[in-house]
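Chemist: Residue numbers (this note's numbering): 89 to 283.
Take the hints with a grain of salt, since some may be wrong.
What follows is a list of derived Cβ distance ranges for each label pair [what the hints assert, rightly or not]: (1) ASN215 with HIS180: 41 to 49 Å; (2) LEU137 with GLU209: 29 to 37 Å; (3) LEU208 with GLU112: 32 to 40 Å.
Don't read these hints as lab results, they were simulated from the structure. Here the structure is a predicted model, which means the values were calculated and not measured. We put the beta carbon where it would ideally sit given N, CA and C, even for glycine.
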Amino acid sequence: MTQDYNQNNDNRTTFGFQFVNKSEKKKLVADVFDSVAHRYDLMNNILSLGIHHFWKQKFCNRFLDFNGSLIDVASGTGDIALTFYRKAKQYHVAPNVTICDINYSMLQRCREKAVDNNLLENIHYINCNAEKLPFSDNSFDNFSIAFGIRNVTDITAALQEAYRVLKPGGQFLCLEFSKVENAYISNYTIYIPLN
Numbered sequence: 089m090t091q092d093y094n095q096n097n098d099n100r101t102t103f104g105f106q107f108v109n110k111s112e113k114k115k116l117v118a119d120v121f122d123s124v125a126h127r128y129d130l131m132n133n134i135l136s137l138g139i140h141h142f143w144k145q146k147f148c149n150r151f152l153d154f155n156g157s158l159i160d161v162a163s164g165t166g167d168i169a170l171t172f173y174r175k176a177k178q179y180h181v182a183p184n185v186t187i188c189d190i191n192y193s194m195l196q197r198c199r200e201k202a203v204d205n206n207l208l209e210n211i212h213y214i215n216c217n218a219e220k221l222p223f224s225d226n227s228f229d230n231f232s233i234a235f236g237i238r239n240v241t242d243i244t245a246a247l248q249e250a251y252r253v254l255k256p257g258g259q260f261l262c263l264e265f266s267k268v269e270n271a272y273i274s275n276y277t278i279y280i281p282l283n
């Protein structure tokens with residue numbers, strides 16, 4: 089049976105695979121990422137056995153236009169945004185990337201990675217909430233959020249913001265985990281992408 093993540097209770101939301109009060113979630117998420125920011129990339133490598141690199145690379149290959157601007161929301165340490173940046177450079181395009189995260193520690197780690205990799209021009213770092221983006225309507229050609237939508241308190245508000253800041257005809261890409269409800273499949277702990 090599929091779990092109803094909307095649950096007709098306006099005061100509850102998901103945190104991992106449990107429900108918490110909406111008023112608690114922002115702090116719970118902040119505490120988690122403040123505590124792991126300095127070792128987040130290593131932790132992802134260990135927990136996914138490195139497979140997250142493959143998923144993120146396939147995700148980035150879905151972008152149709154590296155010539156346009158990108159807003160990467162809930163960017164964490166910036167894997168998607170920095171990959172987009174590198175790909176744009178490969179196509180001899182001047183990238184225009186805006187990296188957003190509600191967690192300042194993660195944003196700082198992202199900036200360190202960009203500097204360490206000499207990715208310096210036309211990257212903007214914004215400490216903000218996905219539910220209330222500080223940008224004008226129709227500002228970006230591409231919108232990405234990878235492994236971040238689950239950490240947003242009000243997913244509907246975040247998706248409305250994505251729609252608002254995307255230019256008409258812009259591209260929205262979301263990469264996320266979900267709980268597998270199928271009893272047979274849920275017995276497996278490693279999933280192999282089918283395409």
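Chemist: Are the hints correct? Go through all of them and say.
Modeler: So, going through the hints one by one against the coordinates:
no. : hint                           : result
1   : ASN215 with HIS180: 41 to 49 Å : 31 Å, violated
2   : LEU137 with GLU209: 29 to 37 Å : 34 Å, holds
3   : LEU208 with GLU112: 32 to 40 Å : 38 Å, holds
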